[in-house]
Amino acid sequence: MENLVLQALSGLASASSLFLVASGLTVIFGVSRVVNFAHGSLYMLGAYLAYSLVTTLPRGHLGFWGGVIGAAVLVGLIGLVVEVLLLRRIYRAPELFQLLATFGVVLIVQDLAQMIWGPQDLLGPRAPGLRGSIEIVGMRFPLYELFLIGVGPVVLGLLVLLFHRTRWGTLVRAATQDREMVGALGVNQRMLFTSVFFLGSLLAGLGGALQLPRESVNLHMDLAIITEAFVVVVVGGLGSLTGAALAALLIGELHAFGILIVPKITLVLVFLVMALVLVVRPHGLLGKPEAAARGGQGSAEPVIGPAPPALRWLGLATLAVAVVLPPFLGDYAVSVLTELAIAVLFAASLHLIMGPGGMASFGNAAYFGIGAYGAALAAQWLGAPMLAGLALAPLAAGVFGLLFGYFCVRLSGVYAAMLTLAFAQIAWSVAFQWVEVTGGDNGILGVWPSAWAAPKLVYYYLALALCLGATLFLRRVVHAPFGYALRAQRDSALRAEAIGIDAFRIRWLGFGLAAAAAGVAGGLFAYGKGSVFPTYMGIPRSVDALLMVLLGGVQTLSGPIVGALAFTGLQEQLVRITDLWRLILGCIIVLLVLFFPQGLAGAARARWEARHGDA
Amino acid sequence: MVGRAIGRRQILAGAGMAALAAPGIALAQGEAIRIGEINSYTAQPAFLQPYRNAWILAQEQVNAAGGVNGRRIETVFRDDAGRPEDAVRLAGELVNAEKVSLLAGGFLSNVGLALGDFANQNKKLFVASEPLTDALVWSRGNRYTFRLRASTYMQSAMLVEEAAKLPARRWATVAPNYEYGQSAVRWFKELLSRAKPDVEFVAEQFPALGRIDAGATVQALAAANPEAIFNVTFGADLTNFVRQGSTRGLFERRRVVSLLTGEPEYLDPLGDEAPENWIVTGYPWEQIDTPSHTPFREAYRRRWNDYPRLGSVVGYDTVMAIAALLRKSPSLETEALVDGMSGLRFGSVFGPVEFRAIDHQSTMGAFVGRTVLKNGKGAMADWRYAEGKDYLPSDEVVRTLRPQA
Chain A
3 MENLVLQALS
13 GLASASSLFL
23 VASGLTVIFG
33 VSRVVNFAHG
43 SLYMLGAYLA
53 YSLVTTLPRG
63 HLGFWGGVIG
73 AAVLVGLIGL
83 VVEVLLLRRI
93 YRAPELFQLL
103 ATFGVVLIVQ
113 DLAQMIWGPQ
123 DLLGPRAPGL
133 RGSIEIVGMR
143 FPLYELFLIG
153 VGPVVLGLLV
163 LLFHRTRWGT
173 LVRAATQDRE
183 MVGALGVNQR
193 MLFTSVFFLG
203 SLLAGLGGAL
213 QLPRESVNLH
223 MDLAIITEAF
233 VVVVVGGLGS
243 LTGAALAALL
253 IGELHAFGIL
263 IVPKITLVLV
273 FLVMALVLVV
283 RPHGLLGKPE
293 AAARGGQGSA
303 EPVIGPAPPA
313 LRWLGLATLA
323 VAVVLPPFLG
333 DYAVSVLTEL
343 AIAVLFAASL
353 HLIMGPGGMA
363 SFGNAAYFGI
373 GAYGAALAAQ
383 WLGAPMLAGL
393 ALAPLAAGVF
403 GLLFGYFCVR
413 LSGVYAAMLT
423 LAFAQIAWSV
433 AFQWVEVTGG
443 DNGILGVWPS
453 AWAAPKLVYY
463 YLALALCLGA
473 TLFLRRVVHA
483 PFGYALRAQR
493 DSALRAEAIG
503 IDAFRIRWLG
513 FGLAAAAAGV
523 AGGLFAYGKG
533 SVFPTYMGIP
543 RSVDALLMVL
553 LGGVQTLSGP
563 IVGALAFTGL
573 QEQLVRITDL
583 WRLILGCIIV
593 LLVLFFPQGL
603 AGAARARWEA
613 RHGDA
Chain B
5 MVGRAIGRRQ
15 ILAGAGMAAL
25 AAPGIALAQG
35 EAIRIGEINS
45 YTAQPAFLQP
55 YRNAWILAQE
65 QVNAAGGVNG
75 RRIETVFRDD
85 AGRPEDAVRL
95 AGELVNAEKV
105 SLLAGGFLSN
115 VGLALGDFAN
125 QNKKLFVASE
135 PLTDALVWSR
145 GNRYTFRLRA
155 STYMQSAMLV
165 EEAAKLPARR
175 WATVAPNYEY
185 GQSAVRWFKE
195 LLSRAKPDVE
205 FVAEQFPALG
215 RIDAGATVQA
225 LAAANPEAIF
235 NVTFGADLTN
245 FVRQGSTRGL
255 FERRRVVSLL
265 TGEPEYLDPL
275 GDEAPENWIV
285 TGYPWEQIDT
295 PSHTPFREAY
305 RRRWNDYPRL
315 GSVVGYDTVM
325 AIAALLRKSP
335 SLETEALVDG
345 MSGLRFGSVF
355 GPVEFRAIDH
365 QSTMGAFVGR
375 TVLKNGKGAM
385 ADWRYAEGKD
395 YLPSDEVVRT
405 LRPQA
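Taken in sequence, the protein lines are chains A and B.
Heads up: the first sequence is residues 3 to 617, going by the working numbering.
Heads up: the second sequence is residues 5 to 409, going by the working numbering.
Watch out, some of these pointers could steer you wrong.
Listed below are the simulated SDA-like cross-link pairs for lysine to any residue, each with C-alpha atoms no more than 25 Å apart in a straight line [unchecked claim]:
1) Lys193/B / Glu438/A
2) Lys103/B / Trp450/A
3) Lys381/B / Trp119/A
4) Lys127/B / Val75/A
5) Lys393/B / Glu277/B
6) Lys193/B / Gln435/A
7) Lys378/B / Glu277/B
Simulated from the structure, these hints should not be mistaken for lab results.
Let the hints inform the model, and build the full structure from the sequences given.
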């Protein structure tokens with residue numbers, strides 16, 4: 003019994019920490035609709051800055067608490083700079099495009115932090131006056147954790163006061179509910195956005211700084227917190243502070259008690275919770291359905307016509323190069339080209355649901371990974387030959403795509419995207435944990451192609467044929483009646499339903515098709531690498547796909563192709579040239595975002611149209 | 005036997021002079037021998053920066069002493085960012101485009117296994133430096149893969165020997181939830197139960213790697229009221245676990261047996277909060293004054309103005325092993341290299357080491373001791389060097405563990 007009380011208190015302390023970070027994220031999202039991937043980086047910077055301040059300032063209460071507050075304010079200012087220099091310029095870009103920009107910031111901060119603070123973990127001093135512990139029901143509990151338990155509700159209270167008792171807060175709430183209307187009423191949106199970003203970043207910094215007496219400061223903090231913070235925000239309901247508090251509480255406590263029963267549950271628990279909540283409540287615990295978009299952002303996307311002749315010639319020329327050149331290249335160049343071909347299909351599969359489907363997915367890697375595992379498991383347990391494995395890959399991915407998609411496509415916007423992420427993480431944890439079948443994180447080895455396809459060049463042509471074929475097929479689908487229906491339900495679900503299109507069914511099938519295409523890519527990848535690992539369906543790979551599509555441009559059919567080639571090629575080159583590849587890649591992404599807010603292919607199309615009139 | 009290994013002291017002496025006198029002049033002539041090195045530099049910088057520093061030091065020393073058979077050695081480093089699929093691609097690049105003679109490196113177990121499988125498929129030698137997984141040389145072992153570092157099994161066995169001496173019967177375990185943590189716990193349970201049949205394991209915790217919820221984990225362990233704890237967490241997880249554990253009194257009147265905690269990479273960040281009296285494997289770098297270690301430590305200090313970590317030893321010895329192999333091998337053909345690697349002996353920083361022909365595992369050992377606080381920092385005391393070869397299963401058992409060609 004005593005143990006359970008303490009376990010509950012530990013859960014409260016974690017919940018409180020989680021809430022601090024999530025509150026900043028939810029405030030920012032609520033107003034600006036920016037999916038701020040860099041929020042974790044701000045949290046990490048808060049911890050590092052607090053470490054530097056607290057260890058340089060004189061010891062004692064003033065030094066410590068001054069350092070913590072100072073770090074939070076500094077992080078707030080950093081967030082402000084990011085908003086003014088970067089995000090402010092791209093609010094009008096397509097939905098989720100800002101994610102690309104903030105991801106660039108994540109990469110930059112990772113390398114800068116390592117350059118400034120070094121690679122070793124730093125353990126900050128404990129809080130003066132709160133070093134020890136007190137006896138609760140006969141067991142010891144750290145004072146600082148008790149303090150943290152108090153901080154969460156206090157911050158929540160202050161924020162609620164701020165949002166309900168000040169004019170600024172009222173405006174923020176108004177903007178959360180209806181941004182256009184607030185703008186139309188003459189409120190200075192720029193100031194509002196910038197100040198909200200400052201507040202959100204400050205909260206992230208505070209959350210990081212307050213971890214100082216609790217945890218070591220290290221370079222993995224950013225990505226460790228960001229997914230959990232997102233889960234809390236989404237489970238609570240986007241933009242809802244009390245929802246975030248409730249969700250943090252739920253997750254903190256479930257976690258604390260969960261590990262008593264299933265110690266290995268920590269990998270997947272938050273995602274299970276999120277999946278359950280979203281299936282039952284599509285807008286989170288306390289979220290409201292987004293107000294129906296009117297004009298502006300929600301207007302119908304341009305109709306996609308057939309490719310202009312110039313583009314066709316360009317495509318054919320590229321294809322000719324891709325077919326003719328490889329025999330003259332070395333093995334390595336050919337294997338890179340194989341990966342590029344696979345990346346193109348992977349990006350194209352995501353694009354089908356994101357562009358024409360109008361539904362972002364943060365979990366596309368799941369189907370890539372299921373395809374890869376399908377092929378590898380068939381090879382390992384059934385001794386299936388390569389072609390059978392490659393045939394099984396899209397089948398397995400498609401089946402799971404339909405299964406997961408059945409739940410995901412009912413939701414919209416970020417909720418749908420996060421539900422795909424939840425399913426992807428659940429699939430990932432099965433691959434990770436079911437060691438007897440999947441080999442756990444050590445993966446499945448020895449998935450090498452059949453003898454006839456073993457030469458790199460042969461395998462390249464095989465991959466090229468399949469990837470190109472599948473990509474062109476997806477392109478064809480978009481122009482087919484099915485594609486028209488898909489775009490119709492994206493642009494106006496109501497009107498689509500009115501003319502007899504079953505929006506749910508169309509989206510569902512589109513999701514399944516995209517999953518199957520990703521499965522083809524995954525199967526090819528498995529045989530290309532000779533091994534399969536849970537990382538194939540990890541979050542970073544899903545993010546990669548997202549970056550490729552956004553970089554290329556969501557609203558063009560060539561976007562994913564261009565994006566995949568640019569992103570994969572760039573990363574491959576940079577990794578070989580420099581140790582600071584994250585810094586440089588991050589800077590390039592940020593610059594591309596600033597100069598091509600429609601994506602690369604989108605910018606090319608805009609230029610083309612400007613010169614030749616509407617195509 | 006030791007005589008046949010490279011004369012480290014001469015090399016060190018020569019290196020010091022050469023580095024000071026004419027750093028730009030390469031003493032060795034002829035086309036350089038290229039080594040391809042792949043590691044998770046951006047993902048695991050705390051371990052791998054000192055590793056790479058020592059690698060460069062060793063390479064400079066070898067080259068300053070005239071290289072290998074008159075040829076310089078040079079290394080092409082690549083960062084896999086912790087992703088096995090990228091490691092495989094980069095391995096292809098190093099072999100096909102950079103024309104390296106052999107591959108080395110690896111930190112994460114799955115990256116090591118992916119590279120080992122690549123080596124097997126492409127018939128290229130792979131000298132794994134750090135990956136600890138037993139599968140690398142046992143269940144997934146192959147002709148082309150060798151491993152330097154003492155494996156999970158070996159380090160667990162070293163600690164079981166100490167754990168069996170404790171009176172404790174009720175044990176709890178805490179380990180990161182991935183292959184390394186899972187197999188460390190499995191071996192520890194199996195070997196300890198064999199050594200002391202009356203032990204029981206009353207609780208186990210498997211926090212996600214790098215994501216430990218330390219407060220809840222500590223509380224859950226305390227709830228089971230064990231007499232002793234076997235810890236496998238390291239890095240940030242360890243730091244957080246120790247801080248919560250000490251504040252909540254988890255370690256009072258309980259013995260803790262802990263893998264890798266004595267390594268400066270993981271002990272030093274704890275500062276004056278380093279736990280006392282834990283039984284650990286590690287590397288008491290400041291106290292080892294042997295003819296093979298002292299010159300290494302001093303040379304590292306001179307070159308990098310820092311003290312060596314365990315990663316440094318691993319990086320340095322990998323180069324020295326490769327140099328010894330290249331000296332011995334009649335050609336740079338992979339099959340000749342692999343034959344030379346089998347049974348290769350060389351003088352490591354910790355003393356003579358052999359790459360066993362039977363399973364390609366080196367006999368490099370580890371230091372076992374207990375932690376103490378010295379001048380406000382964690383350190384190891386009452387330590388001894390545990391020879392790797394004494395903590396490996398018998399040859400018959402190894403043959404059943406490893407696929408026999």
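Going through the hints against the structure:
1. For the proposed pair Lys193/B and Glu438/A, the alpha carbon gap of about 19 Å is at most 25 Å, so the pair holds.
2. Taken as a hint, the Lys103/B and Trp450/A pair is honoured in the structure, with Cα atoms around 23 Å apart against an allowance of 25 Å.
3. At most 25 Å may separate the alpha-carbon atoms for a hinted pair to count; Lys381/B and Trp119/A meet this at roughly 20 Å.
4. The suggested pairing of Lys127/B with Val75/A is violated, with an alpha-carbon distance near 57 Å, which exceeds 25 Å.
5. With a C-alpha separation of about 34 Å, the suggested pair Lys393/B and Glu277/B falls outside the 25 Å cut-off, and the hint is violated.
6. Proposed proximity of Lys193/B and Gln435/A is supported: the alpha carbons are some 20 Å apart, at most 25 Å.
7. For the suggested pair Lys378/B and Glu277/B, the alpha carbons sit about 11 Å apart, so the restraint of at most 25 Å is met.
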